[in-house]
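Chemist: Chain by chain, the residues run as shown.
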Amino acid sequence: MSSEPTGAEAQRRPEGSCALVTGASRGIGAAIAIALAADGWPVAVNYNSSAEGAAATVAAIEAAGGRALAIQGDVADPAVPAQLIEAVHNQLGPLAVLVNNAGVRADGLALSLSDEDWQRVLDANLGSTYRLTRGALREMIRARFGRVVNIASVIGPRANAGQANYAASKAAVIAFTKTAAVEVARRGVTVNAVAPGLIATDMTQEIPSTLSERVPAQRPGRPEEVAAAVAFLASERASYITATTLYVDGGLSA
Amino acid sequence: MAEPSNEQIEQVITYALVTFGAEASAISRDAELEALDIDSLDLAELSQIIEEQFGVELTSNDVAEIKTVGDAIDLVAARAK
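Protein chains in written order, with our numbering: chain A, 516 to 769; chain B, 3 to 83.
To be clear, the hints were calculated from the coordinates, so they are not data collected in a lab. A few of these clues could be false.
Simulated DEER-style distance windows between Cβ atoms [what the hints assert, rightly or not]:
id	chain 1	residue 1	chain 2	residue 2	range
1	B	Q50	A	Y755	21 to 27 Å
2	B	G57	A	Q598	18 to 24 Å
3	B	D39	A	A553	39 to 45 Å
4	B	R81	A	N675	48 to 54 Å
5	B	G72	A	A578	54 to 60 Å
6	B	D73	A	S754	34 to 40 Å
7	B	N63	A	D630	55 to 61 Å
8	B	S27	A	A674	56 to 62 Å
9	B	S27	A	A570	55 to 61 Å
10	A	E567	B	A66	45 to 51 Å
11	A	E751	B	A66	32 to 38 Å
Derived coverage of chain A by chain B (criterion: at least 3 residues anywhere in the stretch with Cβ under 8 Å from a Cβ of chain B; other residues may be distant) [stated by the list, open to error]:
id	segment
12	651 to 659
13	697 to 705
All C-beta atoms, glycine included, are put in the ideal place defined by N, C-alpha and C.
Start from the sequences, fold in the hints, and give me the full structure.
Modeler: Below, the structure is given as structure tokens:
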């Protein structure tokens, strides 16, 4: 073994670096952006369609004394992730934390799903995670510090009728997370997944309340409870945690 | 970008390899990267460094052909022309 440092020991966040949260105009993404800003990260608040939502996230961060910038971009478009990373780098600094949160649902039974709904969900949930992580890791391995947190779901490891496309995308996110993590672990870069269960957001408002009864905690989670897990994994304290999936689900996956 | 000399290329590559954990005393033109414990992640990072320093883009196929330190120096020198 060489005594030369290869970088894995360097676990301090690089000065002037920032975080990017995709799909941060509302719900879990907004809560994550706010939590990271509270931890001192300048945050790029990515959004696709809701400029108002992103502005509200930025305003909440600034009101708490943090620094944030809204950046539009549909991360499901294969051309966007590289542009987004460059824009974030130029406007906020080197990217040290990437949270792949943007995602969509297009539910239907597997036997009747359209190719379009299959592909749309795979592109938004898995394709964007892969492309953004690819771009971010290039920068992070050079810095010898990086945190990638991919938002997965309990749906994927667990079945949920009507969400075969969503489940496939989220299970694949967990698989991608593990392999990407082991590839870069010795450069001080961690890649983890956070798998929320039933969280009260716009995205889950149509889900029947009977589902809450299946949650051991007997209630839906709050976006802030997911954000707390992400903020921890993004922190210097989580330096030896990589390739794992942290479930934030009130015990649903037990 | 001015055409780099072989010495400049060698210097950049050697420095990178040492950063990746290779023993400086073991690095020579004939040294095999595998023997220096240089793996695919190191080579991916080396490609980034080479692109930044010399404006030379190496594809994954190019990188797969590099077996020795000399191979890397010669490839970059040829592409930088």
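Chemist: Decide, hint by hint, whether the structure agrees.
Modeler: For each hint, the structure was consulted:
The hint said 21 to 27 Å for the Cβ distance between B/Q50 and A/Y755, and at roughly 26 Å that hint holds. Our hint of 18 to 24 Å for B/G57 and A/Q598 holds, since their Cβ atoms are close to 21 Å apart. Between B/D39 and A/A553 the beta carbon distance is about 41 Å. The supplied range of 39 to 45 Å therefore holds. Taking the beta carbon of each, B/R81 and A/N675 are about 51 Å apart, inside 48 to 54 Å as hinted.
Under the hint 54 to 60 Å, the C-beta atoms of B/G72 and A/A578, about 59 Å apart, fit the expected range. In this structure, B/D73 and A/S754 meet the distance hint of 34 to 40 Å, their C-beta atoms being roughly 36 Å apart. Checked against the hint of 55 to 61 Å, the C-beta distance between B/N63 and A/D630 comes to roughly 33 Å, which is inconsistent with it. Between B/S27 and A/A674 the beta carbon distance is about 57 Å. The supplied range of 56 to 62 Å therefore holds.
A C-beta distance of roughly 58 Å is found between B/S27 and A/A570, which places it inside the suggested range of 55 to 61 Å. Distance hint for A/E567 and B/A66: a CB-CB separation of about 49 Å, consistent with the stated range 45 to 51 Å. For A/E751 paired with B/A66, a C-beta distance near 36 Å keeps the hint of 32 to 38 Å intact. Coverage of the segment 651 to 659 of chain A by chain B holds in this model, with 3 residues showing a Cβ closer than 8 Å to a Cβ of that chain against a need of three.
A stretch counts as covered by a chain when three or more of its residues have a beta carbon under 8 Å from one of that chain; for the segment 697 to 705 of chain A and chain B the count is 4, and the coverage holds.
The structure fails to meet hint 7 from the earlier list, while all remaining hints are met.
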